[in-house]
Each structure stands twice: as C-alpha cells, then as structure tokens.
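So the sequences go chain by chain: A and B.
Numbered according to the numbering used here, the first sequence spans residues 1 to 436.
Numbered according to the numbering used here, the second sequence spans residues 437 to 763.
Quick caveat, the hints were computed from the structure, so don't treat them as lab data.
Accuracy of the hints is not assured; some may be wrong.
[What the hints assert, rightly or not] Where chain A lies over chain B, by a calculated footprint (3+ residues, C-beta under 8 Å):
| # | stretch |
| --- | --- |
| 1 | 461-468 |
| 2 | 517-528 |
[Claimed, not checked] So the derived label-pair ranges between C-beta atoms look like this:
| # | chain 1 | residue 1 | chain 2 | residue 2 | range |
| --- | --- | --- | --- | --- | --- |
| 3 | B | Ser566 | A | Arg385 | 47 to 53 Å |
| 4 | A | Glu307 | B | Asp564 | 46 to 52 Å |
| 5 | A | Glu179 | B | Ala565 | 53 to 59 Å |
| 6 | B | Arg561 | A | Lys85 | 40 to 46 Å |
| 7 | B | Asn647 | A | Ile149 | 50 to 56 Å |
| 8 | B | Asp745 | A | Lys231 | 44 to 50 Å |
| 9 | B | Arg563 | A | Lys85 | 49 to 55 Å |
| 10 | A | Pro369 | B | Asp564 | 58 to 64 Å |
| 11 | A | Arg140 | B | Asp745 | 38 to 44 Å |
| 12 | B | Arg563 | A | Arg96 | 19 to 25 Å |
For glycine and all other residues, C-beta sits at the position ideal for the given N, C-alpha and C.
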Amino acid sequence: MATIQERVTRSFTNEGISFTLYDEDEATERIIPIDAIPRVVPQSEWLTIESGLKQRVTALNRFLHDVYHDARIIKDGVIPVDIIKSCPQYRLEMHRVATPNDVYVGICGSDIIRTNDGYRVLEDNLRVPSGVSYMIANRRAVKSNMPRIFRQNGVMEVEQYGRNLFETLRELTWTQTGEPSIALLTPGLFNAAFYEHVFLAHEIGAALVEGQDLVVNDGFVYMRTTAGLKKVDVIYRRVDDDFIDPLAFRNDSVLGVPGLMHAFKLGNVSLVNAPGTGVADDKSVYVYVPDMIRYYLNEEPILQNVETYLCRRTEDLEYTLDNLEKLVVKTVGGSGGYGMLIGPQSTREEINKYAQGIRDDPANFIAQPLLQLSRSPCWIDGALRPRCVDLRPFILQGAETRIVSGAFCRVALPEGSYVVNSSQGGGGKDVWVVQD
Amino acid sequence: MLARSAECLYWMGRYLERTEHLCQLLGVQIGALIDRPVRELTFGWHRIYKHLQEAPPSGNRDDEFSFSEDETLADAYTLTDDLTFEPSNHYSIWSCFAQSRENARQVRHCISEDMWSSLNLSYLRVRDASLSDIWQDEPELFYIDLVRDVNTFFGMASVSMYRDEGWDFLQLGKTIEHLQLRVNLLAIQSQDSIPLPSDGSRDFEWTSLLNAYRASGAYQQNYGIDINAEDALDMLVSNSDLPNSLMYSITRTDERIRDLDAAPDARSGDSALRFSGRLKSLVAHEWPDAEDRARMLIMIANLAERLHDQIAVAWFNYRNENASRQF
Chain A
1 MATIQERVTR SFTNEGISFT LYDEDEATER IIPIDAIPRV VPQSEWLTIE SGLKQRVTAL
61 NRFLHDVYHD ARIIKDGVIP VDIIKSCPQY RLEMHRVATP NDVYVGICGS DIIRTNDGYR
121 VLEDNLRVPS GVSYMIANRR AVKSNMPRIF RQNGVMEVEQ YGRNLFETLR ELTWTQTGEP
181 SIALLTPGLF NAAFYEHVFL AHEIGAALVE GQDLVVNDGF VYMRTTAGLK KVDVIYRRVD
241 DDFIDPLAFR NDSVLGVPGL MHAFKLGNVS LVNAPGTGVA DDKSVYVYVP DMIRYYLNEE
301 PILQNVETYL CRRTEDLEYT LDNLEKLVVK TVGGSGGYGM LIGPQSTREE INKYAQGIRD
361 DPANFIAQPL LQLSRSPCWI DGALRPRCVD LRPFILQGAE TRIVSGAFCR VALPEGSYVV
421 NSSQGGGGKD VWVVQD
Chain B
437 MLARSAECLY WMGRYLERTE HLCQLLGVQI GALIDRPVRE LTFGWHRIYK HLQEAPPSGN
497 RDDEFSFSED ETLADAYTLT DDLTFEPSNH YSIWSCFAQS RENARQVRHC ISEDMWSSLN
557 LSYLRVRDAS LSDIWQDEPE LFYIDLVRDV NTFFGMASVS MYRDEGWDFL QLGKTIEHLQ
617 LRVNLLAIQS QDSIPLPSDG SRDFEWTSLL NAYRASGAYQ QNYGIDINAE DALDMLVSNS
677 DLPNSLMYSI TRTDERIRDL DAAPDARSGD SALRFSGRLK SLVAHEWPDA EDRARMLIMI
737 ANLAERLHDQ IAVAWFNYRN ENASRQF
C-alpha cells in the first residue's frame with residue numbers, strides 16, 4: 001500500500017495537479033494531497049444520491065426562474081421575502097432575464113455527508129463549483145496504479161464527464177445545435193482553481209479566456225484570436241458575479257468584460273452558470289430547499305438537509321447563542337470553510353467573540369449541530385487511519401440532467417479535523433461506485 | 437487560436453531557448469575554470485552578462501573584471517549562482533524555467549501531456565537544486581543535463597504536438613530568441629574581443645563559443661583546425677547549414693511567419709515578413725562584403741527586436757477596431 005500511495009502522490013507532483021493557497025503576502029501553488037485508498041459507495045446507495053440530486057437541481061432551477069420572474073414562491077408565503085431581498089447574491093439585473101431551457105444552474109456541486117440517518121445535503125454550490133478535475137485526476141492516478149483491483153470490482157466510470165459537460169453547454173446555447181464556440185472564462189493563473197480551469201478547457205475543447213481576451217461589439221461577445229475576433233456562443237464562467245462585468249457589477253473589476261451582461265440579456269451569449277444563482281445557495285435559502293421541492297415538483301425530498309437554525313429567527317437565535325459550544329456556526333454567504341465557528345473545538349474566548357458577531361448581525365449567520373461525519377480509511381504515516389470525509393458529486397443540467405457515477409471525495413487529513421476544504425489542509429480521494 | 441494562448445506558446449519557446457543558450461554558455465565557462473587563465477575567464481563572464489544586457493552582482497555592465505587568481509573561484513561561484521538560481525535575475529536559468537512553466541500552465545490544454553510532464557519535471561529538479569549541491573561535484577554536468585531536458589521537451593513537442601498554429605508560435609518563439617541572443621553575443625564578441633595571443637595558441641574566446649554552439653566540428657570541416665576569428669564569425673553568422681548560425685534562425689523564422697500568414701482566416705503577417713525578408717537579405721547579400729561587421733551585427737540585432745514587435749502587433753496585441761475580420 002505504501003508503494004501505491006507513493007506512486008499516486010508522485011504522479012500528482014509530476015503532473016502538477018495543484019491548487020493555489022493564499023496568505024497575506026503571496027500565492028503558493030500546492031499539490032493537492034491525494035489518498036490512494038478509494039472510498040467505496042454501493043450502487044444502490046448511489047442511485048438514491050443521484051435521483052435526490054436530480055430532484056434537487058430541478059427544483060433549484062425552477063426556484064431561480066420563479067424568483068427572477070413572478071416570485072410565486074414568495075407570494076404564496078413559502079419563503080419569506082426578506083430572506084431573498086437581504087441576500088447579496090440576489091441580482092436585480094437578472095429580473096425577467098430568460099435563459100435557454102430556463103436553466104440558470106447548468107453545473108452544480110452539492111456537498112453530501114453521511115450521517116447515522118443516511119446521506120444528507122450539507123450545501124449546494126451553484127455559482128462556480130470546483131473540484132471536478134480532482135475527481136477525474138484522482139481516478140486516473142488510482143486506476144493506473146491499481147488496475148487489477150479496479151477491473152475486478154466493476155467500478156463505474158467518470159471519464160464521460162467532459163463529454164457530458166460539452167453536451168450541457170451546447171444545450172445551454174440559444175441555438176442548441178452545431179458546434180458552439182465555447183469559452184471558459186477564468187480569473188487567471190493566480191486563481192486557486194486555475195489547474196481545474198485549464199483541465200476543463202482541454203476536456204471540452206474550449207478556449208481558456210481571461211476578461212482581457214473578450215470584447216463586446218454590437219451586443220455580441222468576441223474573443224481575440226490570432227485570426228481576429230471570433231464570436232462566442234457560450235461562456236462557462238469561473239469568475240464570480242461581482243467581477244464578470246464592471247459595467248453591471250463591481251466597477252473596479254479587471255477580471256470581467258465590459259458589456260457582457262448586456263450581451264447576455266440580449267440572448268446573444270449564454271453564461272453558465274447564469275448570474276444571480278447565488279441566491280439559491282445562500283445558507284439562509286438552503287433551509288427552504290425541501291420546501292421548494294414540495295412546492296415546484298409536488299414531491300417529497302429524496303435527500304434531506306442538515307438540521308439548520310436561522311439566526312434571523314428569534315427562537316433560533318436564542319437557541320444558537322445558548323448552545324454555541326455544541327454547534328457549528330457559519331456566515332450565510334461564506335464558503336471554503338472560512339469564517340466559521342466549530343463550537344466543540346473552540347475556546348471560551350473564541351466563542352464569546354463569535355457570539356458578539358452573531359448578536360450584531362443575526363441574519364448573517366446560521367447554525368448546525370456538529371455532525372459526526374462518516375470516516376473513511378486513509379493511508380497516513382504508513383498506517384491505515386480513519387479520517388472524516390464528504391462527497392461532492394457534480395450535476396449537469398441542460399436539456400437533460402446528467403450525473404457521472406462518482407464524486408470528488410474531500411478528506412479532512414489532520415487528525416480530529418472536520419474541515420475538508422482544500423484551502424484548509426483537506427485532501428481528496430477517489431470514489432468507487434460499485435455494484436452491490 | 438486565442439491570441440493570448442499563442443503569445444504564451446511563443447514565450448514558452450523563447451524562455452526555453454534562453455535556458456538552453458545560458459546552459460551552453462555556463463557549461464563551457466565553468467568547464468574552463470579548471471585550467472584557463474583569469475584573463476580568458478574574465479572575458480567569458482563579461483561576454484555572458486553584457487550580451488544579456490545585465491549588470492553582474494556588485495559591478496557595472498561596462499566594468500572590466502579585474503579579480504586576481506585567488507579571487508576568481510569565489511567570484512565564479514557568485515556569478516554562477518546569480519546566473520543559475522537567483523530568482524531576482526530575470527535571465528537566470530531558474531527564472532527562465534519558472535517563466536516557461538508559467539506560460540505552459542496557461543496553455544496546458546494546447547500542449548501534449550508529454551510536453552507538460554517533461555517541462556514540469558525539469559522545473560521541479562531546478563527548483564529543488566542549489567549551487568552548493570552541484571558545485572561539490574562536476575557542476576558542468578548539471579548544465580549538460582538541463583540542455584538535455586530542454587532538448588527532450590522540444591523532442592516531445594516534435595513527436596506529440598499537432599502541427600497547428602500553436603506549433604508555429606512555439607517554434608517562432610524559439611527561433612526569434614535564438615536569433616536575438618546569438619546576434620547580441622556575436623556583437624559583443626566582435627567589439628570586445630581580446631587580441632590573439634602572440635604565442636599562436638588557440639583563441640579561447642572563439643574556441644569556447646564554437647564549443648558552446650556545437651560548431652567546432654563544422655568549423656574544422658570548413659576551415660581546418662586553426663581558429664581564425666573572422667572565419668568563425670562568418671560561419672556563425674551566414675552558414676545556412678549550421679543550426680546555431682544567425683542565417684539558420686532567420687530562415688526558420690521567416691518560414692514560420694510565412695506559414696502563419698498563409699493559414700486560413702489568418703491575420704496578415706505582412707509587416708513581420710518585411711522584417712524577416714530584410715534580415716535574410718542583409719545576411720545573404722550585404723554581410724559578405726561588409727567592412728564594419730560589428731556595426732552590421734548591431735543592425736541585425738535591431739531588426740530582430742523590431743521583428744518581435746511586428747509579430748506581437750500582427751497576432752497578439754492587435755487593436756480591436758478591425759471588425760471586418762470577425763467571423
């Protein structure tokens with residue numbers, strides 16, 4: 001096992017499969033740690049996850065269309081209007097903006113954990129979800145180093161993700177036929193997920209563009225090629241809403257393209273994911289996803305949420321403040337594991353300081369019980385050791401919904417840690433979906 | 437191809453060519469530390485720094501190195517470190533590798549996995565090395581290995597890269613850098629060369645240059661074993677069969693530009709072609725009769741710089757108002 005682990009790690013190093021970490025002074029390129037022992041998920045369990053995720057992303061897209069058009073879900077009192085209005089990711093610029101197939105979220109990465117009560121969705125990433133390249137890189141590294149075991153176990157493939165992504169992007173152009181001109185918009189070399197941007201551009205045959213490579217002319221978007229300007233049909237954007245168009249959003253952005261929103265609203269270019277999808281993955285809105293499923297689809301949720309307290313509600317706020325030492329508290333717009341409090345692992349001083357922040361702006365916080373994340377065996381320091389893991393499958397929504405049978409499994413590598421984020425010492429492992 | 441991707445490939449070619457060029461010069465220079473007199477070593481360092489238009493540590497570009505025999509090794513260590521591992525020196529081998537890799541990272545989707553792996557492994561090897569490690573043994577071997585790494589990269593490219601315009605830009609960067617570095621070096625060599633020793637021994641400056649450019653065999657074949665500065669210079673400038681000659685780089689550069697210009701839907705490379713044509717004509721027709729060869733080398737260097745500018749304007753940094761070329 002030690003030899004396999006060493007080979008797998010070396011292949012990541014040699015191939016430069018990396019992410020970027022930032023501190024105050026500099027950006028550091030790091031090789032993402034990979035554990036060679038795959039996480040095994042029986043196919044019967046996977047089918048539940050898959051159908052639950054398809055149901056969820058369908059409801060989320062219905063919600064996004066509704067919230068930017070007639071807002072029936074608000075008028076019918078299912079979701080309070082103040083939650084939507086106060087969400088910084090709700091974009092007035094998207095009001096009554098149509099998208100191909102009414103799809104706003106074409107690419108979703110949902111974080112799933114396994115508890116004593118089964119699989120639960122911890123959060124949905126609907127803006128620029130990342131990690132899918134590591135899913136495929138993990139698979140390639142592990143498969144090439146354990147070919148016999150891989151073959152013998154009938155592991156489901158994940159290689160078709162690139163093809164699925166291409167088809168999804170084609171279905172999200174307005175013409176939906178022919179060979180679309182696809183650009184993947186990256187913030188650039190120093191972005192944490194730049195490796196993934198290059199990887200995906202290669203997988204789908206897209207041009208990897210930065211804002212400076214695109215121009216808007218007469219309401220159409222063009223990229224600067226060696227042959228002159230070439231029209232772009234669809235942009236798989238990996239730049240946050242705030243930065244995609246300095247004329248529409250932050251005017252100090254140098255990452256975006258002036259006039260991009262104008263071209264998008266005219267229906268001359270597709271943006272995947274559409275701007276404004278963040279309103280559906282706000283942690284306050286997350287609480288209402290099961291209600292969305294019931295409201296739009298008239299079905300019971302297949303996958304449950306994690307129990308969540310909204311500090312904007314008086315009774316939830318009181319409970320949270322009284323039980324901080326037992327809870328995990330997060331800001332509603334936070335991500336990457338930053339800015340959260342893990343009560344059971346915090347000092348009294350840290351808890352008191354955090355409590356003051358909650359009292360100052362309760363609507364900015366949610367709380368959840370500290371869940372006993374499932375553990376998976378990992379090869380660490382020459383021995384098998386249990387570590388907390390989660391799953392991030394990727395759901396593609398175009399004219400149809402596609403999910404490959406696999407996921408990026410994130411691992412909290414430090415002993416006793418519950419934080420699986422790569423930016424905070426997390427690693428990854430392959431996920432093998434196998435027949436029962 | 438995206439203009440910025442083309443530019444990255446172009447610069448990747450340039451930085452890798454620069455790496456190879458420096459490794460060849462340093463390999464010869466460090467090999468000479470064993471038995472060559474200080475006078476020759478001094479000129480060798482001077483030549484390297486001056487043609488890069490860089491100031492050596494604690495000195496000025498135009499300074500004569502006047503260290504004594506005792507001080508030579510210590511200075512050689514410092515200078516070698518500066519030219520090999522110093523990150524703040526943009527011309528150091530480390531910087532060249534880092535820059536070529538940064539460019540490669542941005543176009544990983546345009547190059548083969550073999551090319552990327554080859555470059556990344558070389559980068560990791562240089563990153564993890566230090567002069568104190570290599571100095572103990574035979575430091576010139578380190579440079580020989582790096583030259584081999586760069587050649588392996590281009591070999592990988594030649595067998596695995598699709599022959600589209602990306603290939604042309606990679607090769608164009610390589611040939612332009614080849615041309616610029618060598619013409620600058622020959623200009624310095626011609627201006628600053630020290631007189632041939634009266635004892636009739638070989639002229640180290642030209643011998644070492646021919647060795648660095650793997651041109652000694654070709655020289656012997658054409659002129660015999662006695663090194664004559666004029667003949668050596670003539671061969672390194674105008675011999676179109678010698679892969680390290682200026683004429684060879686100019687011809688290859690011109691071919692690449694013609695290929696890019698002729699590609700379907702291509703932007704015009706007319707202005708760049710004018711400069712590459714002028715360079716060819718200069719070396720083919722005016723060089724043989726030139727009385728002031730040093731001045732002519734400076735002219736070639738200036739034209740090569742302007743050729744780079746024209747390439748950038750034609751394909752990388754053109755203005756956007758040309759809407760008629762939209763398709």
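Here is what the structure says about each hint:
Restraint check on the stretch 461-468 of chain B versus chain A: 0 residues with Cβ-Cβ distances below 8 Å, three needed, restraint violated. Residues of the stretch 517-528 of chain B lying with their CB closer than 8 Å to a CB of chain A number 0, which falls below the three-residue condition for coverage. About 35 Å separates the C-beta atoms of B:Ser566 and A:Arg385, a value inconsistent with the hinted range of 47 to 53 Å. For A:Glu307 and B:Asp564, the hinted distance range of 46 to 52 Å is satisfied, since their beta carbons lie about 49 Å from each other.
Taken as a hint, the range 53 to 59 Å is violated for the pair A:Glu179 and B:Ala565, whose Cβ atoms sit roughly 46 Å apart. One distance hint, 40 to 46 Å for the beta-carbon pair B:Arg561 and A:Lys85, is violated here, with the actual separation near 57 Å. The supplied range of 50 to 56 Å is met by B:Asn647 and A:Ile149, whose beta-carbon atoms lie about 54 Å from each other. The hinted range of 44 to 50 Å is not satisfied by B:Asp745 and A:Lys231, whose Cβ atoms lie roughly 29 Å apart.
B:Arg563 and A:Lys85 have their C-beta atoms about 51 Å apart, which keeps the hinted 49 to 55 Å range intact. At about 46 Å, the beta-carbon gap between A:Pro369 and B:Asp564 misses the expected band of 58 to 64 Å. Between A:Arg140 and B:Asp745 the Cβ separation comes to about 42 Å, which falls inside the hinted range of 38 to 44 Å. For B:Arg563 paired with A:Arg96, a C-beta distance near 53 Å fails the hint of 19 to 25 Å.
Hints 1, 2, 3, 5, 6, 8, 10, 12, counting from the list given before, are not met by this structure.
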